[in-house]
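Chemist: Quick note on the working numbering: the sequence shown kicks off at 50 and runs consecutively.
A couple of the hints might just be wrong.
With a cut-off of at most 27 Å between alpha-carbon atoms, the simulated DSSO-like pairs for lysine-lysine come out as follows [said to hold, decoys possible]:
no.: 1; residue 1: Lys572; residue 2: Lys668
no.: 2; residue 1: Lys492; residue 2: Lys478
no.: 3; residue 1: Lys496; residue 2: Lys329
no.: 4; residue 1: Lys445; residue 2: Lys478
no.: 5; residue 1: Lys330; residue 2: Lys163
no.: 6; residue 1: Lys568; residue 2: Lys668
no.: 7; residue 1: Lys546; residue 2: Lys463
no.: 8; residue 1: Lys536; residue 2: Lys546
no.: 9; residue 1: Lys546; residue 2: Lys589
no.: 10; residue 1: Lys399; residue 2: Lys163
Okay, the calculated beta carbon distance ranges per label pair [stated by the list, open to error]:
no.: 11; residue 1: Trp183; residue 2: Ile211; range: 23 to 31 Å
no.: 12; residue 1: Arg593; residue 2: Lys539; range: 19 to 27 Å
no.: 13; residue 1: Tyr464; residue 2: Leu573; range: 33 to 41 Å
None of these hints come from the bench; they were simulated from the model. From the three backbone atoms N, C-alpha and C, an ideal C-beta is built for every residue, glycine too.
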Amino acid sequence: MYRKKHIYACTCLRLHQMAEVNNHILMKREKENNHGFIQYINIDRRPCIIFVWYECNGDGLAKVSGGKLEKILENLTSNPIKAVLLGAGVTAVIQSSSATTVMVVGFVNSGIMKLSQAVGVIMGANIGTTITSWILSLTGIQSDNFIIQMFKPTSFSPVLAIIGVIFILFINDSKKKDIGTIFIGFAILMYGMDMMSSAVKPLAEVPEFTNLLLKFSNPLLGVIAGALLTAVIQSSSASVGILQALCLTGAVPFSAAIPIIMGQNIGTCITAILSAIGAKKNAKRAAAVHLYFNLIGTVIFMTVFYLINAVVGFSFFHQAATPAGIAVIHSVFNVTATIILLPFAKGLEKLACLTIRDKKEDVVVSAEDREFMILEPRFLEKPAFAVEQSRNAARKMAEESHNALFTALSLVDKYSEEGVERVENMESKVDRYEDELGTYLVKLSHKDISEADSHSLSIMLHCIGDFERISDHAVNIMESAQELYEKGLKFSENAKKDLEVLGQAVEDIVNTAYEVFDKQDMKLAEKIEPLEEVIDELSKEVKRRHVQRLRNGECTIEMGFILSDITTCLERVADHCSNIGVCVTQVNEDLYDTHSHLNIVKSHPDETFYHELEDARIKYQLS
Numbered sequence: 050m051y052r053k054k055h056i057y058a059c060t061c062l063r064l065h066q067m068a069e070v071n072n073h074i075l076m077k078r079e080k081e082n083n084h085g086f087i088q089y090i091n092i093d094r095r096p097c098i099i100f101v102w103y104e105c106n107g108d109g110l111a112k113v114s115g116g117k118l119e120k121i122l123e124n125l126t127s128n129p130i131k132a133v134l135l136g137a138g139v140t141a142v143i144q145s146s147s148a149t150t151v152m153v154v155g156f157v158n159s160g161i162m163k164l165s166q167a168v169g170v171i172m173g174a175n176i177g178t179t180i181t182s183w184i185l186s187l188t189g190i191q192s193d194n195f196i197i198q199m200f201k202p203t204s205f206s207p208v209l210a211i212i213g214v215i216f217i218l219f220i221n222d223s224k225k226k227d228i229g230t231i232f233i234g235f236a237i238l239m240y241g242m243d244m245m246s247s248a249v250k251p252l253a254e255v256p257e258f259t260n261l262l263l264k265f266s267n268p269l270l271g272v273i274a275g276a277l278l279t280a281v282i283q284s285s286s287a288s289v290g291i292l293q294a295l296c297l298t299g300a301v302p303f304s305a306a307i308p309i310i311m312g313q314n315i316g317t318c319i320t321a322i323l324s325a326i327g328a329k330k331n332a333k334r335a336a337a338v339h340l341y342f343n344l345i346g347t348v349i350f351m352t353v354f355y356l357i358n359a360v361v362g363f364s365f366f367h368q369a370a371t372p373a374g375i376a377v378i379h380s381v382f383n384v385t386a387t388i389i390l391l392p393f394a395k396g397l398e399k400l401a402c403l404t405i406r407d408k409k410e411d412v413v414v415s416a417e418d419r420e421f422m423i424l425e426p427r428f429l430e431k432p433a434f435a436v437e438q439s440r441n442a443a444r445k446m447a448e449e450s451h452n453a454l455f456t457a458l459s460l461v462d463k464y465s466e467e468g469v470e471r472v473e474n475m476e477s478k479v480d481r482y483e484d485e486l487g488t489y490l491v492k493l494s495h496k497d498i499s500e501a502d503s504h505s506l507s508i509m510l511h512c513i514g515d516f517e518r519i520s521d522h523a524v525n526i527m528e529s530a531q532e533l534y535e536k537g538l539k540f541s542e543n544a545k546k547d548l549e550v551l552g553q554a555v556e557d558i559v560n561t562a563y564e565v566f567d568k569q570d571m572k573l574a575e576k577i578e579p580l581e582e583v584i585d586e587l588s589k590e591v592k593r594r595h596v597q598r599l600r601n602g603e604c605t606i607e608m609g610f611i612l613s614d615i616t617t618c619l620e621r622v623a624d625h626c627s628n629i630g631v632c633v634t635q636v637n638e639d640l641y642d643t644h645s646h647l648n649i650v651k652s653h654p655d656e657t658f659y660h661e662l663e664d665a666r667i668k669y670q671l672s
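Could you put the whole structure together from the sequences, leaning on the hints where they help?
Modeler: The structure is reproduced here in structure tokens:
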């Protein structure tokens with residue numbers, strides 16, 4: 050009774066989740082179709098423009114990457130230098146050190162990455178984020194040379210904007226739409242920088258403004274100002290961009306700009322710190338490493354810089370800062386800090402461990418719990434990677450379901466208590482996957498994801514219910530095997546042979562369905578429905594043959610009940626495989642009417658269906 054109630058509750062929950070996700074995805078697509086362009090262009094407040102760029106450009110880059118960049122981070126961080134280069138490369142592409150460090154905190158929290166691996170990536174992220182300041186520095190190009198003028202963003206950004214608009218409005222390919230978003234984001238950035246510089250230029254004539262900026266020449270005040278600004282907007286790239294815009298007025302000396310840049314590097318740590326709240330100890334330590342790296346780097350850099358300046362006196366120190374000068378300082382600081390502190394990575398790790406100590410009451414995470422930690426809530430901030438992690442979880446769920454089914458089938462012929470325990474454990478794990486993955490996918494559906502990821506999400510949400518039901522049928526088959534063993538019953542040789550053929554057909558359809566799910570192979574999906582039809586035929590024939598043996602006195606009614614239960618379970622497993630195949634086909638075609646699709650396939654079959662059907666009938670013949 051409990052199991053029936055559980056299945057009913059799970060079914061209702063899954064239907065509710067699928068309806069919620071489908072409705073949300075459809076509404077989101079309609080919104081994108083109707084207002085997708087306007088949301089990028091309809092901006093009438095100058096200070097907002099630079100932030101819009103970080104949002105749409107970063108999201109566009111993340112969608113295009115499809116979670117691959119984050120996957121690289123996960124897999125290739127064993128070597129410290131490699132980790133630094135990867136951290137720099139990934140951050141340069143997504144243009145956000147905050148996003149990278151948050152991902153790293155998530156990796157460490159989920160157990161995917163060790164704390165020692167995270168240190169190098171965090172250092173590299175600080176280097177990678179400097180690419181934005183170099184892009185923004187292009188606005189300061191001044192020359193009469195035509196070729197050099199073409200490198201000025203105001204010369205080519207309108208072209209990129211037009212290309213971006215064409216991609217978004219007139220091309221259906223989702224990848225190209227995301228590339229169009231990147232182009233428009235870049236154009237908005239350059240337009241915003243030009244507007245900001247024009248807007249703040251008159252401030253250069255205001256004594257109160259220039260005096261305020263000069264106060265930041267005090268190193269302590271400058272660091273505090275830079276840290277506070279960056280902490281509030283949670284983006285060092287954005288705060289550096291604002292500083293570069295102010296520099297175009299000519300009112301910001303290097304003496305004020307340098308401490309502000311140092312403070313910006315400290316302020317960007319707030320994002321990782323906030324992300325680590327409620328996380329496990331190692332994740333908090335990763336955030337602490339980020340903070341310590343920037344704090345120690347700032348102290349060392351500023352101490353050395355101001356000591357040398359006191360002795361030598363840098364000629365540029367009191368000159369007006371330029372966007373290119375800001376980019377140089379930003380890059381020199383982060384590269385220098387990394388070179389100095391990388392050999393002491395173990396020391397930073399130990400310092401973080403001393404700050405955040407282990408406690409006796411800390412609970413040791415079980416192997417099973419660690420398996421589910423790939424569904425890390427922090428990954429939801431990078432939806433493309435969260436989708437990839439969900440796929441990994443769904444693959445593991447499918448594998449557990451597959452193993453449970455065929456372990457249960459083996460028990461019919463060769464019973465063992467160990468096998469029974471394995472089936473029960475696997476089924477329990479599949480149930481947990483359904484609950485946790487389903488909840489995770491619903492949360493993920495409310496994020497901004499690409500069309501391809503949207504399809505994957507819908508497929509997963511539809512199919513995990515089928516995986517769970519297959520594992521339920523595995524338990525039912527196991528219980529039948531248990532009944533045979535406890536009552537000392539055995540199937541006749543003919544019945545065994547019939548079950549072997551049926552079992553082989555079911556194994557093939559399960560393997561095919563799981564491969565279709567994993568690879569979203571539309572061509573392979575065509576093999577499922579004919580095979581499901583053959584399994585239905587085999588199931589009827591097995592039952593018919595049993596009735597014949599019963600009439601001949603070769604079998605008992607009790608054995609017939611058990612055989613019927615097993616064949617019915619196998620038949621229903623094939624039905625769930627059919628659901629998986631139909632789901633993959635329908636979702637990729639932006640359709641969701643499963644019953645209509647099956648009616649069309651079976652009532653008006655094509656040549657491929659007939660060919661696959663005949664091949665399956667020949668392959669799975671009862672002797």
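Chemist: List, from low to high, the hint numbers that the structure doesn't satisfy.
Modeler: Result: no hint breaks.
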